[in-house]
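**Student:** Residue-level listing of the chains:
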Amino acid sequence: AAGVIQSPRHLIKEKRETATLKCYPIPRHDTVYWYQQGPGQDPQFLISFYEKMQSDKGSIPDRFSAQQFSDYHSELNMSSLELGDSALYFCASQPMGGGAYEQYFGPGTRLTVT
Amino acid sequence: QKEVEQDPGPLSVPEGAIVSLNCTYSNSAFQYFMWYRQYSRKGPELLMYTYSSGNKEDGRFTAQVDKSSKYISLFIRDSQPSDSATYLCAMIGGSTLGRLYFGRGTQLTVWP
Numbered sequence: 001a002a003g004v005i006q007s008p009r010h011l012i013k014e015k016r017e018t019a020t021l022k023c024y025p026i027p028r029h030d031t032v033y034w035y036q037q038g039p040g041q042d043p044q045f046l047i048s049f050y051e052k053m054q055s056d057k058g059s060i061p062d063r064f065s066a067q068q069f070s071d072y073h074s075e076l077n078m079s080s081l082e083l084g085d086s087a088l089y090f091c092a093s094q095p096m097g098g099g100a101y102e103q104y105f106g107p108g109t110r111l112t113v114t
Numbered sequence: 001q002k003e004v005e006q007d008p009g010p011l012s013v014p015e016g017a018i019v020s021l022n023c024t025y026s027n028s029a030f031q032y033f034m035w036y037r038q039y040s041r042k043g044p045e046l047l048m049y050t051y052s053s054g055n056k057e058d059g060r061f062t063a064q065v066d067k068s069s070k071y072i073s074l075f076i077r078d079s080q081p082s083d084s085a086t087y088l089c090a091m092i093g094g095s096t097l098g099r100l101y102f103g104r105g106t107q108l109t110v111w112p
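Residue numbers (our numbering), protein chains in the order written: chain U, 1 to 114; chain B, 1 to 112.
Here chain U stands alone, though its shape is the one from the complex (with noise of 0.2 Å):
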């Protein structure tokens, strides 16, 4: 079965650096979630997007910014990153139609910040 699609898997940025983060839902999801997981701890929401609007926003930086493409998938930039922006990034996606206790999670993206 198709999955949550999130590249790239690791990344490697400097202070002040920006990096993007990407996420390809699954075929016929609309709904994209953003979640940050440091290490030992539980994945906290950022932002999320339906039918490419933003839909809810959550401890999210202002230095962050995301969006949703026609195509559904959504990008979120980090911009003046700091070392404590190393996390895990999670990226999930809910079915058209769906409920939001379906959330189905990609395999995150691991930012490194040096």
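For the record, the hints were derived by calculation from the structure and aren't laboratory data. One thing to keep in mind: the hints can contain errors.
So the derived list for chain U, only partly shown, Cβ under 10 Å to chain B, looks like this [stated by the list, open to error]:
| # | residue |
| --- | --- |
| 1 | Ala2 |
| 2 | Pro8 |
| 3 | Leu11 |
| 4 | Tyr35 |
| 5 | Gly58 |
| 6 | Asp62 |
| 7 | Leu88 |
| 8 | Cys91 |
| 9 | Phe105 |
| 10 | Gly108 |
| 11 | Arg110 |
| 12 | Val113 |
Rough simulated footprint, nothing fancy, chain B against chain U, three-plus residues with beta-carbon under 8 Å [said to hold, decoys possible]:
| # | stretch |
| --- | --- |
| 13 | 45-57 |
| 14 | 67-74 |
Which chain U residues stay away from chain B? Per the calculated CB distances, all over 12 Å, these [claimed, not checked]:
| # | residue |
| --- | --- |
| 15 | Gln6 |
| 16 | Thr31 |
| 17 | Ser79 |
We treat Cβ as the ideally placed atom computed from N, Cα and C, and that holds for glycine.
Given the coordinates of chain U, work out where chain B should sit on it, guided by the hints.
**Tutor:** Frame of chain U; chain B shown alone:
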């Protein structure tokens, strides 16, 4: 204080044991309760979800929700070494759109 509390363990059991994993929560608005399994350095995998109070069974897994006590459980019967992973509970208020609120996760090891 976190809205969802989960004992991080670690929990270590022999193969074939019955495993009980639990979470408590404080927000009475939560209506849907999910259990995710996460292998090391992988994304969380949705195991099952339950709406409101009650039980739900799927193979060796049984989820229970007691909204009056704000307490949820996941039981794993006949546990296998392949069940070794971190189990995260997650909750949500509404059904259509919404962020998941996760517990910290319980690390489970099933030894042969």
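**Student:** Could you run down the list of hints and mark each one as holding or not?
**Tutor:** Going down the list of hints, with the structure as the test:
no., hint, in the structure
1, Ala2, "14 Å, violated"
2, Pro8, "14 Å, violated"
3, Leu11, "14 Å, violated"
4, Tyr35, "8 Å, holds"
5, Gly58, "6 Å, holds"
6, Asp62, "19 Å, violated"
7, Leu88, "8 Å, holds"
8, Cys91, "9 Å, holds"
9, Phe105, "4 Å, holds"
10, Gly108, "5 Å, holds"
11, Arg110, "7 Å, holds"
12, Val113, "18 Å, violated"
13, 45-57, "holds (count 5)"
14, 67-74, "violated (count 0)"
15, Gln6, "8 Å, violated"
16, Thr31, "7 Å, violated"
17, Ser79, "23 Å, holds"
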